[in-house]
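Here the protein sequences line up with chains A, B and C, keeping their order.
To convert, note that position 95 of the first sequence is 95 in the working numbering; the numbers rise steadily by one, no gaps.
To convert, note that position 70 of the second sequence is 70 in the working numbering; the numbers rise steadily by one, no gaps.
To convert, note that position 61 of the third sequence is 61 in the working numbering; the numbers rise steadily by one, no gaps.
Careful, some of the hints might be misleading.
[Unchecked claim] Straight-line alpha carbon distances no greater than 20 Å define the calculated EDC-like cross-link-like pairs of lysine to aspartate or glutamate that follow:
#, chain 1, residue 1, chain 2, residue 2
1, B, K181, B, E193
2, A, K198, C, D269
3, C, K5, B, E55
4, A, K95, A, E213
5, B, K69, B, E79
6, B, K69, B, E120
7, B, K15, B, E55
8, C, K5, B, D61
9, B, K181, B, D206
10, B, K69, B, E55
11, A, K198, A, E213
12, C, K5, B, E120
13, B, K181, B, D226
14, A, K198, C, E221
15, C, K5, B, E193
16, C, K5, B, E79
17, B, K69, A, E213
18, A, K95, A, D278
19, C, K5, B, E121
20, A, K110, A, D278
21, A, K198, A, D278
22, A, K110, A, D277
23, C, K5, B, D185
Think of the hints as simulated: they come from the structure by calculation, not from any bench.
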Amino acid sequence: MSSHHLATPAFVIEPGQDPVTIFEKHRAELQRSRLFMNIAMAVLFALLLAVSIYVSKFYPDRLWAGLPRIFEYFGTVMPNLEADNLFAARQANGKAVPGSILYWYSDLGKYLQLLFETVLMAITATMLGAAIAFLLSFPAARNLAPLRWINVLARRTTEVLRGVPEIIIALLLVFALGIGPLAGVLAIAIHTAGALGKLFSEVNENASMRPVEGLRSVGGTWWDEMRFGIVPQVLPNFVSYSLLRFEINVRSSSIVGFVGAGGIGQELNHTISFYNDDRVMAVLILIVLLVTVIDLISERLRTHLVGRENLI
Amino acid sequence: MLEFSGLTKAFGNHKAVNNITLTIPQGQMVGVIGRSGAGKSTLLRMINRLAAPTEGQIRFDGRDVSALKGRDLLAWRSECAMVFQQFNLVGRMSVINNVLMGRIFHHSFATAMLQAFSAEERALAIRALDRLGMAHTALQRAETLSGGQMQRVAIARALVQRPKVMLADEPIASLDPLNAKVVMDALRRINQEDGITVLANLHTLDTARTYCDRIVGLMSGAVVFDGTPDQLTDRQAREIYGAEADDAFSEGVTSTMLTPRAQAADTFDSAA
Amino acid sequence: MSAVKAMTVSAADIAAARAQFPDAFGNPRARLFTAICWALALGYFGWSLWYFEFWKLFAFNERAIRMFQHFFVWEHMGEWDYAGIYQGLAETIAMAFLGTLLGSVAALLIAFAAARNTMPRNIVRHVVRRFLDLLRGIDSLIWALVFVRAVGLGPLAGVLSIFVSDTGTLSKLYSEAIENVDRKQVEGIRSTGASPIRIMRFGYLPQISPVFISLSLYSFESSVRSATILGIVGAGGIGKVLVDRFRAGYFDQVAFVVLNILICVFVIDWLSGKVRAHFIGEKPH
């Protein structure tokens with residue numbers, strides 16, 4: 001509450017009045033109004049806290065009872081590694097030695113195949129979603145839409161598409177299309193189309209309209225105006241946002257499997273729900289690694305691409 | 001021949017252009033002068049229909065262009081080129097592609113989207129750039145150019161439209177004196193060599209006097225002077241410019257002649 | 001009246017221009033490169049659709065059509081368990097609120113250990129940061145699944161999962177805010193002869209507290225979104241209501257619940273914007 005008060009003085013000292021008295025009076029007023037707002041906020045906060053605790057039954061005794069179980073659980077999912085056998089090779093009968101990494105990751109082949117599928121899902125969904133978002137972003141930008149109702153329609157479309165969480169869309173699509181990655185890809189693509197559609201249209205709204213006017217003056221159509229007046233300006237931002245979204249989508253594609261929509265999530269759900277052993281940790285570590293590696297690659301790509309000259 | 005009859009543009013109750021009737025023969029170079037807000041830009045933007053007239057007609061060679069719609073409207077815009085104060089180029093595109101945008105009307109949706117310009121069009125663009133002394137920058141990005149260079153590229157874009165009329169909306173208001181002279185010389189040369197009608201909004205009287213065959217003075221959207229530069233007396237000019245007279249007169253000197261540094265810098269500041 | 005002499009080009013002009021600026025006529029190498037890029041992208045896209053068995057899309061079965069019909073045709077609305085639905089919605093908001101609150105408190109402590117200007121020991125800072133990366137790298141839904149196994153079904157697991165992922169996110173954002181503190185203001189306070197605690201109170205706190213509140217509010221908004229789905233793995237909230245209705249085949253109620261989630265998220269965003277405006281003085285977007 002500071003800078004924007006500078007333009008208009010909060011109180012004016014008339015000639016002949018005592019500045020201190022006026023200041024004190026003003027200060028008292030200000031404090032009263034502040035105090036009221038702050039008390040209101042505090043009461044609201046306390047109320048919300050109480051209701052939240054009541055509704056979610058987040059009572060201290062439950063928490064204390066739960067805490068040891070959390071540590072206990074993490075104890076059970078820790079791998080049982082033995083220093084001596086850590087790098088032990090398979091035995092003659094083809095079985096891995098208990099306590100070795102090989103034993104811990106005996107399902108590695110399956111995991112890798114699922115990780116591969118997870119990344120493919122994220123890439124395809126990002127491509128599909130970004131393509132739809134690209135098409136939506138021009139009518140959804142207030143300054144570019146050819147007609148008002150088209151603008152409203154496009155904006156509502158992006159809002160609905162991004163409003164529903166992808167896992168809920170995935171749930172419905174698995175029911176409609178059957179178990180498998182297709183439902184996941186489509187669900188993530190739909191959500192991506194909405195989320196990127198909004199971001200893209202905001203970029204479009206910030207673009208300079210001068211090139212558009214230039215294109216119009218030479219007799220270009222609306223499509224020409226978009227293609228040459230806007231796209232060259234916004235493309236680097238679009239690419240950057242799409243890569244950021246890709247990072248998010250890798251996370252999403254690793255969880256849509258919880259509802260049967262493909263990817264590593266299906267395996268994670270399975271291991272957590274049915275086994276109480278180190279396989280849980282094995283899959284979790286792989287997911288964290290995947291997400292970290294993808295973030296690193298995508299960041300590299302982003303700085304590389306945006307810095308480049310000819311993106312048009 | 002370009003004819004306006006009763007041309008009016010109203011924004012709410014305010015009439016930016018009020019009942020203008022004029023006839024401009026083919027090949028004339030006309031300077032439109034007036035203080036800011038006199039309706040100069042609105043008039044020009046109505047001619048190639050970036051703005052729609054509220055009342056009245058614009059006729060070109062007998063054809064009513066103020067009623068055009070759809071493809072015919074785009075065709076008219078492609079015949080009636082426009083040069084802007086801020087150049088309106090696509091910054092991230094190469095100079096030659098910017099110039100080729102002048103041919104976009106003649107392309108189908110697919111060839112336009114793919115930028116599939118013919119060799120003839122490309123050669124035309126290079127020739128147009130060459131006429132303005134800009135051919136050497138053809139493969140650079142437009143945003144790497146200076147203001148004066150950008151305006152010359154914009155004029156090259158207008159040229160490849162093979163227009164009959166060229167509108168210039170304050171073409172030199174954002175330029176320093178030297179570049180202003182280069183750009184005005186180019187417009188005058190195009191007018192004389194190609195026989196293209198040039199209509200330019202000019203904020204400086206001296207430029208208009210030096211380059212134009214005919215001067216039209218606007219005040220509150222109406223024509224208050226129409227004649228040759230010789231016919232325009234100082235008294236009339238002062239009346240047209242009103243409170244801005246001193247600026248217009250002194251800037252007139254600085255923007256067409258090379259002057260001492262201080263004055264040049266002053267002009268640039270007031271333009272920017 | 002003179003006639004217009006439009007610019008023309010002869011064959012000689014074309015040849016001359018081509019000789020002078022060969023690249024202006026399309027660089028065949030660049031064109032090939034672009035074509036290959038497009039071919040690769042489209043090729044990948046087509047292949048991946050095939051890999052994902054896209055033809056299933058066109059094999060829409062009876063029950064799918066029934067599902068979509070029920071999204072729009074709502075039946076027996078009088079018999080719906082509205083109390084259960086709104087209880088679930090309240091639970092969702094409660095989970096998000098408690099999780100964000102606890103996460104903010106934890107982040108308040110951790111952030112100082114992750115900021116460069118308050119934690120001079122590089123090793124500690126790096127360990128803390130990697131730990132935070134780990135918390136953030138695992139999606140809140142995965143945390144929920146883990147906590148459901150650990151503490152059982154219900155909102156407690158939801159609160160914990162939001163707490164953990166918010167701790168990761170907020171600690172990082174808080175520490176960035178601490179690093180961005182304006183040193184000049186701190187020096188100004190120090191120059192008045194203030195004690196270290198007063199320097200904290202008047203030099204640091206006024207700068208970081210509005211940022212912290214704003215970040216926590218943003219975090220709350222995003223937590224409400226993630227809390228809506230935690231019920232899918234049994235961690236309480238509206239997600240559980242949704243999945244129950246879905247499994248039972250009440251698709252009209254599913255549509256109703258989704259609509260309620262959309263409205264709820266919208267209202268929370270709007271309210272949070274208002275509160276932010278009160279604390280920061282920034283206009284709500």
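>> Going through the numbered hints above, which ones does this structure break? Give me the numbers in ascending order.
In response: Numbers 3, 4, 6, 11, 13 and 21, in rising order.
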